[in-house]
Each structure stands twice: as structure tokens, then as C-alpha cells.
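**Q** Use the sequences and the hints to build the structure in full.
4 protein chains.
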Amino acid sequence: MTQSGWHFLQIPGPTNVPDRVLRAMARPTIDHRGQEFAALTLELIAGLQRVFKTKEPVVIYPGSGSGASEAAYVNTLSAGDRIVVFETGHFAWQWKKIAERLGLRVDYVPGNWRRGASEAELESRLTSDAAHEIKAVVVVHNETSTGVASRIPDLRKAMDRAKHPALLIVDAVSSLASFDYRHDEWGVDVTVCGSQKGLMVPPGLGFCAVSKKARAASNTAKLPRHYFDWDEIIGQNEKGFFPYTPGTNLFYGLHEALAMLDEEGLDNVFARHARHGEATRAAVRAWGLEVVCEDPREYSNSMTAVFMPDGHNADELRRIILDHFNMSLGVGLSKFAGKVFRIGHLGSFNDLMLAGTLAGVEMGLRLAGVPHREGGVLAAMQSLTASLSSSSIAETAQAR
Amino acid sequence: MTQSGWHFLQIPGPTNVPDRVLRAMARPTIDHRGQEFAALTLELIAGLQRVFKTKEPVVIYPGSGSGASEAAYVNTLSAGDRIVVFETGHFAWQWKKIAERLGLRVDYVPGNWRRGASEAELESRLTSDAAHEIKAVVVVHNETSTGVASRIPDLRKAMDRAKHPALLIVDAVSSLASFDYRHDEWGVDVTVCGSQKGLMVPPGLGFCAVSKKARAASNTAKLPRHYFDWDEIIGQNEKGFFPYTPGTNLFYGLHEALAMLDEEGLDNVFARHARHGEATRAAVRAWGLEVVCEDPREYSNSMTAVFMPDGHNADELRRIILDHFNMSLGVGLSKFAGKVFRIGHLGSFNDLMLAGTLAGVEMGLRLAGVPHREGGVLAAMQSLTASLSSSSIAETAQAR
Amino acid sequence: MTQSGWHFLQIPGPTNVPDRVLRAMARPTIDHRGQEFAALTLELIAGLQRVFKTKEPVVIYPGSGSGASEAAYVNTLSAGDRIVVFETGHFAWQWKKIAERLGLRVDYVPGNWRRGASEAELESRLTSDAAHEIKAVVVVHNETSTGVASRIPDLRKAMDRAKHPALLIVDAVSSLASFDYRHDEWGVDVTVCGSQKGLMVPPGLGFCAVSKKARAASNTAKLPRHYFDWDEIIGQNEKGFFPYTPGTNLFYGLHEALAMLDEEGLDNVFARHARHGEATRAAVRAWGLEVVCEDPREYSNSMTAVFMPDGHNADELRRIILDHFNMSLGVGLSKFAGKVFRIGHLGSFNDLMLAGTLAGVEMGLRLAGVPHREGGVLAAMQSLTASLSSSSIAETAQAR
Amino acid sequence: MTQSGWHFLQIPGPTNVPDRVLRAMARPTIDHRGQEFAALTLELIAGLQRVFKTKEPVVIYPGSGSGASEAAYVNTLSAGDRIVVFETGHFAWQWKKIAERLGLRVDYVPGNWRRGASEAELESRLTSDAAHEIKAVVVVHNETSTGVASRIPDLRKAMDRAKHPALLIVDAVSSLASFDYRHDEWGVDVTVCGSQKGLMVPPGLGFCAVSKKARAASNTAKLPRHYFDWDEIIGQNEKGFFPYTPGTNLFYGLHEALAMLDEEGLDNVFARHARHGEATRAAVRAWGLEVVCEDPREYSNSMTAVFMPDGHNADELRRIILDHFNMSLGVGLSKFAGKVFRIGHLGSFNDLMLAGTLAGVEMGLRLAGVPHREGGVLAAMQSLTASLSSSSIAETAQAR
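As you go down the protein sequences, you meet chains F, Z, B and L in turn. Everything in the first sequence is counted per the numbering used here, starting at 62 for the first residue and increasing by one. Everything in the second sequence is counted per the numbering used here, starting at 62 for the first residue and increasing by one. Everything in the third sequence is counted per the numbering used here, starting at 62 for the first residue and increasing by one. Everything in the fourth sequence is counted per the numbering used here, starting at 62 for the first residue and increasing by one.
The hints are simulated quantities; they were obtained by calculation from the structure and are not laboratory data. It cannot be assumed that every hint is accurate.
For lysine to any residue, the following SDA-like pairs were computed, each having C-alpha atoms within a straight-line distance of at most 25 angstroms [stated by the list, open to error]:
(1) L/K116 x L/I295
(2) Z/K274 x Z/L103
(3) Z/K283 x Z/R143
(4) Z/K283 x B/R166
(5) L/K114 x B/G301
(6) Z/K396 x B/G95
(7) B/K274 x B/H225
(8) Z/K400 x B/E97
(9) F/K114 x F/A277
(10) L/K300 x F/Q96
(11) F/K400 x L/Q64
(12) Z/K396 x B/F302
(13) L/K283 x F/V167
(14) B/K158 x Z/S139
(15) F/K396 x L/F302
(16) F/K116 x F/K396
(17) Z/K300 x B/H151
(18) L/K400 x F/Q96
(19) F/K300 x L/R222
(20) Z/K116 x Z/L327
(21) Z/K396 x Z/A440
(22) Z/K158 x B/G301
(23) B/K300 x Z/S395
(24) Z/K157 x B/K283
(25) B/K114 x L/Q64
(26) B/K273 x B/R111
Just so you have them, the derived chain B footprint on chain Z, three or more residues with Cβ under 8 angstroms [stated by the list, open to error]:
(27) 82-92
(28) 121-127
Glycine included, each C-beta is placed from N, C-alpha and C at the ideal position.
**A** Following this line, the structure appears as C-alpha cells:
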């Protein structure tokens, strides 16, 4: 079936890449050993530092976020090291799996996939580890499979209370540049991210923000590594270069995307995502469906995972929506397969794109014969307009 | 105010240009006197003939639709010639104005801007013109200022009944490639169009489809002309060339757009516009607002003009919608200034784009304090899903 | 035959459009009645004024340069008016032809196609026109068919000496933004140009720079006009708008191209073209071939027309070069057909592109069996390096 | 210094990316878990198999060629394994370094950087390894730092004669799609490549073609791995998917590049590179300079490394050429730093680009005061035209 008009890419990443970024990527490739490229690299790193909120190095890999996860491990740990991973969903399970492939021992803290990492549990585990065997704690900030956002500052405080020296490794793949994240202030040691979500760039770049403590750990970490090794990259980055050929054209895209984030202002970006998260949940409630996330403190503002009513398959709904409305929604992963669909509302996005997205879901529910109440889009519109006060409308009138 | 995400360009043209067309336009410019260019020209003309439904020449101008209107006159008429123009709205008035600038005498048939050209009136005028002084009849197929679509076949029949030899000149600028149009079958002599509406290309190309009778008229027509002269263009077009430098990169865009129309199939394109026209009118009725077009036989499927309630200014509504929802709506033109806003739902468009568009209008009405009932988007969604039968859903499932 | 690598578009326009301009054109189309577009228009006009070196209006048409020529006539003249056109080549003949199509009487001053317009001849003709019947003088600044650049300031002086009130209309299509041009200072009344040469934009926009005297003439000029009418355009331009849909995406391209001219600096642009003109002529001389232009004061810096030795066909040479070396050269026009080929060295161009261009000609001469001496490229390289003094090399070293 | 026109990116990769590929990359990103993406993946793998000349899996990584090198090791070897690496230049040294970082033991066969790997030396080493301790032999096909192409079939025969079971790992980063390469026929076990050279795509994708024997080795290989692990990727690739987010937009570019290679035909691509290699060497000889490669059987057709005369610095020459002629040449690496410059003539390239490139070098030599004879470009042109027989010229004439 030929589809006219825009494709709505409402998976929770890759997100709809802005046309400015796509065009920037179409610039001719340049010499990665020349001064023009070096200047670009230095600007990118500075821009990423503003977004990660860090003064420490941010390492850029040609690779996926998954590669950056592996980088976090191989640079800081040695075979047989013990780590804690919180089971918050499919991507936490991936972190566990990677660790095990690399020969680490994982304490996998069980979870119901509807709540974030528990600070009480973390404190208790660390306190009981008097020998400081645990070398690192891994938390997925926004669990992309569930739409639950763990509260990193609370977890940090728990670690501090336990006076435990473990590294804190955070997966910010689907939260960075969508809602509040502060690498330095929150005392994160390695923050892992990818280009294709809040950063609005196509997939192909992975990032590690690296604390001083993490770099120190890399001096003794014994896992074999070359491609992901921080030292050589950070060293050459000082002058704007890389030890191997970097992803030139994705760099162009990232440069444009960082400029767009600067133009909008990170706080405005966060406010926008918050409005859209709230409006989406208003729609889900109006439909009479259930959001996966149980704790309002942990609602994700970048995406929303929704349970299907019993007896209805999420993938059939997604298929109908894709075929009829030219929209891709996120699949339910692992134990949520067929039971959950996920709505991405992150990246380059606005109120009318959200209205179209939710209309696609509402019409899909109807076509698929899924029991629901009408009025989700209406509820979302009420939510969106409620947050625009009449004073703001007057202001924009004057500003013209 | 920085705006994230897609801009919704919902004026009744230029329309949202598909990214495929935009990228095609970014190809390097080639020699307009070379064989590769000649082959492109011949393909374009053949493709345009399929869309205009004609076997006669289609002339391509670097220029606007307005230029193509002037071309229709200067090639077929002489100073002092008498023509009939139906007052259907602002663009009919433009045709009158151009004619007068060129020294033609215009019988301007009055209209209320809410109905199309009257076949009875036309028959009566032509019948009473026993001397055949009237040389041409001008009708705007889809009056872009009002959303009223004149019924060309009925007008043609009226001319035939009157046995009058006047040329029939039709402005199909905002109807071609959006709803049914048949240059040959309907006996139109000159069809005028531009690139930027149903053809999904940026503005910059104007078109004239030219009947044998119109070409014959050009042999005796005495209005001075060079740039718009058909003869030299049609002559050189036979081998794929032009008498002056053609708009190479817009040609690339047009080539891609014609390919897209072929892929979707013109009948499917028309059905899509019909669904969207209907859904839009359902929304307007649900809001309790009034559509400009009075006669359901003349509803436009490419755009809808809507009256504002008394005491409310359409431009203030449009400003609020642009500022808050990143959407451009069409302005009220001439006597409709401030009183009417226009929603374009033509070109590269789909159900979710329409839902977003109507959500923007509904939220704008609320923010602007315009009296209305909620539920327009809901009504539109009901209209859209009603036209997707359960059988069609099953079919697509099987087709995978 | 599949061709790898860049196509060398070395006709004297359209020129090789810079990738920056092509990408700029791929931006989504916006509302031509909105504030963002109005701001763009105002910037474009200001930028064009800097390039034309005028404080007077510059009118932008969706159209070719040929359309802008027609505009120069219809806005300033009336049927039966007498004008002087200098026969400098094919494009001068086009001006004559357009004039005649519009009902003007043309005094066509004969020329040998190897020299520019003669100031003595002009002075004599104007002086003998005591009744001031002659309303306009038309000169092609750079005759694109011959590579001869008429000396406009000298012609202006001749008009001044004759104290004749005729308008001076200049075709700067292939000179503007390539070598020195000064609309105001030189007292030109209408300067005509197109987008596709020195301005580095694809074809599709035509320009008229309009003096106060030309505007005054338009008040009494009686040729019928609408599309090309200056008054309405200049009036609406004041706020950044147009009376009909402008060529939005070509505007984006022009905006980028004007930025590039600003970055390089017009004087540097002119110096670059001068170096390339000189190096090209050095190559032609080294081959033992003859440049069309007879008078060194009138050498064109934007292109060079070259005579073929007797008994050899320029089009066969051009075909061989296109087939084997992926380069388009300019065809010989009218009486030069088959006898002349033209090398464009204008627009976005540099030393290595010129070297490749001349290598293509030199290899083509060999393959085509055209008698010539080797060493044209070598002579050009000597010319190019001679103009880079050792001091300039040291300077760039220090500037790093 | 502002630079007009095309930048000549004549490093030996990344190469000048064709505009078709750049535009393809600017397509909107799609769902990497959808059917449209799966179909793309399957087409890409099939296309890569045609280029690698293999029926075995080709693994695509988001990453650099360097990452694919690491992948070759970690999938086939275990810590402490012994391998043979031939010292052919800087990139051979990189392979040694990576191996050592991963805990492998490297027999580094010394070389003078001017010859390829010696089949005699290989046979002798393998024959003397009766215990079959050597697990793999690593050869860089085209040593990008020297322009020397090792003769893989001869090396394979040496291994066969020695009846040694070691894996043959070949780095084809700067040879694949430029000159002859046959993964299956030559009995290579792992061929490593990147996207940014002969494949004409920007950097960001790495490839491994994997023989059955190499896959079998991966079952027992114990180096820890996750990101680079073949099994999961090859498994998911069967249906067109990936275990982690693939580089969607680089995939679009690769798809277009593979189509271009198909259109030109691999044999024609190879013949083109051979012509350009020969012409480049003719130029170097004419200048009186020395090519690094000593053995004509090992001349590279994708790039040429050239020694600077004593007392002259290659980087100063490169700087002058970049500043004055907008061309990037390859730097001398490691022990060749300052002593060698490298000319890339691979990827999307043609005769006039080569002429421009060589003209840039010749003019640079002059400006830099490097002793040389003039006439390199002339010699290259003679070489290029000599290979175009008069019969081929007649043929193209008839084919039109």
C-alpha cells in the first residue's frame, strides 16, 4: 500500500530526524585529519558536554548505544568483577547479558518492569557488601521497554549513604536531551547514550561521558579492549582527532542537532517533553487503558508504554496502524511481547505531531476492535491547551 | 519562539513538498541542451499528459500559475476581444484583472463566492451572443479562495447546447492531481496549472494544456507575446528542448512527484483527497462552524474555507495557531479578509497529518476564545475510520 | 556509458551549483504570505542590491533571464517605439527578436560577433537622432555566444556626450557576480540577469534592476503587461511579499549563494574569474587555437569561445568530450554552430576544476584528431601559479 | 581563505562521496524493526556479497574499519593465540597493535614498507610451524600508507603448499571495489572492510566477510565479545534484522552506492582504477619523483604514495596545496611522516578529476619550491588518452 505524506516514526527511537539534520548530513565528506574537521570535533564535544551537563570528557564512537554500553564495561572492569544491575526491563536485561558475555558476575536485582530501581534495595545491597566486592552499579535511567524513569539522584544518595565506592553507570539512551539529566551533579561515573533519540540524529554514534573516577578505574581495568578504549580517544580528542576514522557525516548531523537544542534551550526542550508526556497519559487514561509505569514519580516524558486489554495483541494493533495510518509504534519487548505497545514522544516533536500520533492510536484501536473509550485525543488536546495560559498567548502577540 | 518538529503547511498551496521531491531537486544542475535533459523533458511531458488526461501538448513555463494564466490569454486572444469570466472568488477576480491589463473586454458574471459557475447562466449568455463576439469563457475549477469546485462537465454541456465556439479556459491550479480532471474528455481548450499544489512540487513552474482549437486560435491571436508563446516551445519540446533556459532542478522535483502519483495511482489519490475533504467538513460541522461552499455537489476535496463567527477575526486565530502549533493556515482573501480561514488538505497528505491539522484548529479556536463545540477531531476520526471497512483491514492483513 | 565522479558542467551557464546551494533548496517550502518568508525576501533584495551595486529596486521573477528581458521592454516601452540593439552575437539577436515580437522597431547595429558594442557608433547614432525617437539602447554586457564583454562605462559616456535621453538596458546575465558590474555608477536603467550563472543558483529566477528613470518610463509605457509588471511587485516587495506565488525554494538557494558571495567578497570573486579567464586564454593560445574575442579590452572573464580549425566540427569535439570525459561544453550558436565551442569558467569554480576542464579539452582535441599543439594545460598552470606570489604563500602559512 | 568550487578530497579515503549517495542518506530514518528496513538489509547483504565475491555472510557493523579488524580477531581467536602479521606499513602495524591489546602473540614479519607480503617467507614460517601454533595470518591487501598491494592469491597458494590450517585474514579496506578482490575464490577466511573508500559511502560502517572455517573457529574462540559477535548478527540478519540499532541512514547511502557499482559494472570499475593508477604513476615519473612501491606487480590502483626529495617536507607541500588549491592529500604515516605524500584516486572518480588532482600536485610542487620536472599532468593525459583507442571513440559515436 503506497503511503502519502509524512511517516510518523513514533517508536521510542530512532526518532523523527529533523530535515535540518538530514540535510546537514548530506554535506560532502571531508578529511578527518584536517583542521576543519578538528574544529568540528572540538565543537561537538563542547556541545555534548553542555547536554550531558559535565565538564569531563565525552567519548564519541562510530557505533550504537549498545557499543557504548560495552565500552562502559571494558574500560572500567576486569574479568570476574561483580556488578549490580537493576532489572527494570528489557534494556536492563541487555546490560546483564553484555556483562555476562564479557565475563563479569552480575547481581541482577529483580523487578516487575513497572517500577524503577529501588534506592532502598541499592542501599541495603551496598551496605551488606562490606568487602566492596561490587565494582559497579548499572541503572537504566529511562527504561525504553517500559517507560519507567529511575530516579538517579535518589540512587546516588543511597550509594553515598552506604559509603560504597562502586562506580555508577547510567544508561541515558532514551532520556538525554528529553528530560533532566546531570552527569556531574548527580555523581554519575559513566553515562551511556546514542545519537538516535533525544539527540535527533540517525543511529550510528554512541557516547560515554566519563568521570575522573571512571578514568582512574580504566587504569587498572583488565578487560581486553582496543576499539572502545577511552585513553587513546580522549588523548587524540584534545586536538580534535580520533585514533580511527570517525563518522564524519553523522558528526555534521550531530552538529546541527546540538545547534537546534541550543536554539530551543534545554529547559524548553524538557518542558516540551513534559507537556507531551502528560498529554499522552491523559489520552491513555481517557481510552481506559493502562500505562505500564506504576509510580507517577517515575513517569517517562520521552515515551509511554501501554498495556493491551487481555485477549488483544499489540502487534496486530501496530500492524493495522502502520498499514492504515503510516505510523510506526514501538513493539513490546521480551516478556511484554504482544502485550504492550510503546508510543515515542521524544526528539523533534510538537503538539500537532502528538495529536496525529494519538489519533492514529485511537483510530487503530477502533479498527482493531480493541475495547476502549473514545476521547483520548480530546483529553490530550485539553491537557495541551490547559498548559498554555492566556497570558502566554497575549505575550506572543506583543512579541511580534 | 523556536518551533520543534514538522511545520504543518496547511495553506491551500504551496503544499507540504515530499522529502523525495526535495531531495530530487538537490541533484546537480545539468546542461539543458544535452541528451540527458531532453530525455527528462519528454518523460515530464508524457507524465503531465497522464495527469491532465490529455493527448495534446502541455507547455511548461519557468513561472507561477499566474504566468500560465497570462499565457492562456496572450496565445489565444487579441486586444479588444470579449470574454466571460465567472466571479467565483478572489482568483476569478485575478483572471478578470489580468484580462483587463491585457486589453480584453470582460463580461464578469457576478457570484456570491459560495457557489460555482452556473451552467444555466453560461448557456443563456452564450445563446444570446448570436454574433459570437465572446471569444473565451474562463472558469476557475477549484476556487482556492472559497473551496468551491465548479462543475466543468456541466459547463461544457451548456456551451455545447448553445453551439457557441468560444474557447473554454479552466484554472485547475488547486484541483489537478487532487480530484478528477479530464482536459480532453471535458473539452477544455486551455487548462492552467502550477507546480505547487496537487503536483507536490515547490512553486516555480506553470503549465498550459492546449487543445487543437486553442492552438488554432493562437495562429490569429494578436496579443504581443514572446516568453509565453506556445509555438516555439511546443516546437522545440518535440525533441525535448526549450527556447530559453528551463527550470532544471524544479524539473527533477516534478519528475519525482509524477513518479509518486504513478505509484499511488491517480484514482487512489482522488479517493484519498475525497476522504480528507469529507472528514474536514465533518470536523467543521462538529465545531458548529460554517463551510463557505453552499452546494454539496461543489465541495472541494483539496481545501475547505470556513467562516469565523461574527466578531472574531480569522487572522488572529491564524496567528495563534502559527505561534503555538507551528501550522500555517490560508488567509481570507479580498472580501473574505479576516472573515474566513482556509484549511489545505491536498498534496502529500495523510490521515494523521489531517488529524494533527484539525487538532491545531480545534486547540486554536479554544485558545483564541472563539465560540465552538469540542469534538471536531473526534468527528473527523469517525469519518476517516468509517470509510475503512473491516474487509479492507482483513485484506491488508492477507496481503502481507 | 556510465560516468563516475563529478560531471563538469562547463557550459557558460547554468554553472556548477555549489552543494550548499543545492541543500539549501531542499528545505521544506514555507507559506509565502508569512513573516518568515517576508524576512527572507527583504534579505534577498538587499543582497541582490549589493551584487548589482544599486540602491534601486531589484525585481525577482519566477522565470528565466529571457523573461526578465521581456520585462525590461514591456515596462518601459510602447508599441512602435524605436530602439537600438547592438549585434554582438546570438543573445543580442534574441533581444532584437523579442523586441520585434512585442511590436517595437529595432535599429540593429551590425557587428562581426568578435567585438563589443562600439561607443563611437552609438554616439553617432544618438547624435543624429535629434528628435529623440530612440527610446532605448540595448547592450549585452557579456555576449555569452562569443565571450566578448562590451565596455558599458564607455557606452554610457557616449550617451552622455550625445545628451540623448534613451534608456540604457543591459543584459548582465553572464557577467554579474563574475566580473565588475555597477548598475548605479554606470547609469544603467535596466539591468537584466538570471539566477543560473555567476549567482550559482539553478535556473528559474530572472531579475531586473530598475533605475528611477526606468520606473518613470513605466508610467507611460503602454505595452500590455501583468506578469512582468514592476509596479505591483515593487509595491508588495516593500513588505517582503509578491503579487503571485514566488519561487520559494529557489529563494532559499539564492539566499545561500548570496551568503557565499559575501563570504568570499565580490572583489575576490572578480579576481578569481580574472585569473581563470587569463589561464584559459593561455591554454587556447598554447594549443594554437583562436579565441573569438578580438580585442583584449573585451575579453570575457566568465567564459571563452574558441574557433575550431577549418574542417573540424565543434559538436563532434563536444560529443567526444562528453562521452569520454563527462564534461559539457557550450555549443556554437547560430552562425557559430559547429565552428565554435565555448568554455564556461564562471560561478562556483577553482583552479583544479579549471585544470580538469582544460585537460578535458586537450584530451578531447587529441581524441577527435583536431590539429593542435600539446601544452595548453601546462600553460594554464604556469599562468595560475605566476599569479600566486611567493609572498602570498608565506602569508597563508603565517595566518594558520 | 574562502575556497570556491569543489573540494578535491584526494586522501586515500574517505573518498569523494557521490552526490547520489549523500542525498540517499538524507532520507528520513525508519523503524529498524519494520519490514521495509528488513528488505533493505537483505538487499544490502546480497549486494555486498557480490562485491566481496562471496556466498558467505557479510557482517555489517555500525563502526569503523578498525572495529571490523577487532571483530575479525575476537570472533576467531583466544587470548594467547599466536598469529602472523606482515609488516607492510602503518596499517599492518595497527593490526599488530590491536592484536597485542587483545592479548594475542604476534609474529611480526619485518618489511621495508615498499613491498607486499612475501609468499616465500609465509610458506617458510608456516612450514616450520609443525605444531600448528599459528592460528591466523594477517595481510593488508592494499597497504594504505604505502600504495603497495600484496598478492593475496600467491599468499593463499603458499599457505596451501604448507598445508597449514591457519586462518587467512585480509584487510581489504582500501582495495575492495577498487581493484580485483575475491573472498571465496582466494580462500580468504575473514575479509575486513569499511564503507568510506571504494564503496563511496561516508565512514561509519565496518564489514567482515566470514568463511565457513572462520565461523567454525568462532565456536571455540574465547576472546570476550558482545558488540562484535558474529553469531547473533548473522542469525538475526537472516530475516533482515540486527541485535542492536543499525546505522539506518548510512545503509541508505550504501544501497545507493551498491546500485552505482552495479550500473557501472565491477569490471569497468576496476578498469577505471587501473587507468588512473597508471596515469598517476606516469605523472610521478615525469616529475622525476619516486613512487614508494618497488614492485610493479604490487602497484596499487587505488592510491599512490610518493617520496619527497630530501630536504623537503611533505606536510608543507600538502599545506600549500590545501590552502591554494582546495585539495586534501594523504599524510605520510609513522616512519613516512613528512617524507611521503599520498594521492587517493579511488572511489567516485574520473579522468578530469584526476587531471585536476595531478595539476594541484604539480602546481603545489612549484609553489613549494620542490625540485621537479614539469609535465606530469601532460604525461598523465597521454597515458589516459592512449588507453582510449580510436575504435572505442567510433563505437560511442554509433551507440548514440
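**Q** Now tell me if each hint is right for this structure.
**A** A quick look at each hint next to the structure:
1. L/K116 x L/I295: holds (13 angstroms)
2. Z/K274 x Z/L103: It holds: about 23 angstroms lies between the C-alpha atoms, which stays within 25 angstroms.
3. Z/K283 x Z/R143: holds (14 angstroms)
4. Z/K283 x B/R166: Status holds; Cα separation ~17 angstroms.
5. L/K114 x B/G301: violated (59 angstroms)
6. Z/K396 x B/G95: holds (20 angstroms)
7. B/K274 x B/H225: holds (13 angstroms)
8. Z/K400 x B/E97: Cα-Cα ~23 angstroms, so holds.
9. F/K114 x F/A277: holds (20 angstroms)
10. L/K300 x F/Q96: The given pair, whose Cα atoms are some 43 angstroms apart, is violated under the 25 angstroms limit.
11. F/K400 x L/Q64: Roughly 58 angstroms between the alpha carbons, so the hint for F/K400 and L/Q64 is violated.
12. Z/K396 x B/F302: holds (19 angstroms)
13. L/K283 x F/V167: Roughly 20 angstroms separates the two Cα atoms, so the pair holds.
14. B/K158 x Z/S139: holds (20 angstroms)
15. F/K396 x L/F302: holds (20 angstroms)
16. F/K116 x F/K396: violated (39 angstroms)
17. Z/K300 x B/H151: holds (21 angstroms)
18. L/K400 x F/Q96: Cα-Cα ~20 angstroms, so holds.
19. F/K300 x L/R222: Roughly 49 angstroms separates the two Cα atoms, so the pair is violated.
20. Z/K116 x Z/L327: holds (17 angstroms)
21. Z/K396 x Z/A440: violated (30 angstroms)
22. Z/K158 x B/G301: holds (22 angstroms)
23. B/K300 x Z/S395: Since the Cα atoms of B/K300 and Z/S395 sit roughly 18 angstroms apart, the hinted pair holds (cutoff 25 angstroms).
24. Z/K157 x B/K283: With a Cα-Cα distance of about 19 angstroms, the restraint between Z/K157 and B/K283 holds, given a limit of 25 angstroms.
25. B/K114 x L/Q64: holds (23 angstroms)
26. B/K273 x B/R111: Given that 25 angstroms is the threshold and the Cα spacing comes to 17 angstroms, the pair holds.
27. 82-92: holds (count 9)
28. 121-127: holds (count 6)
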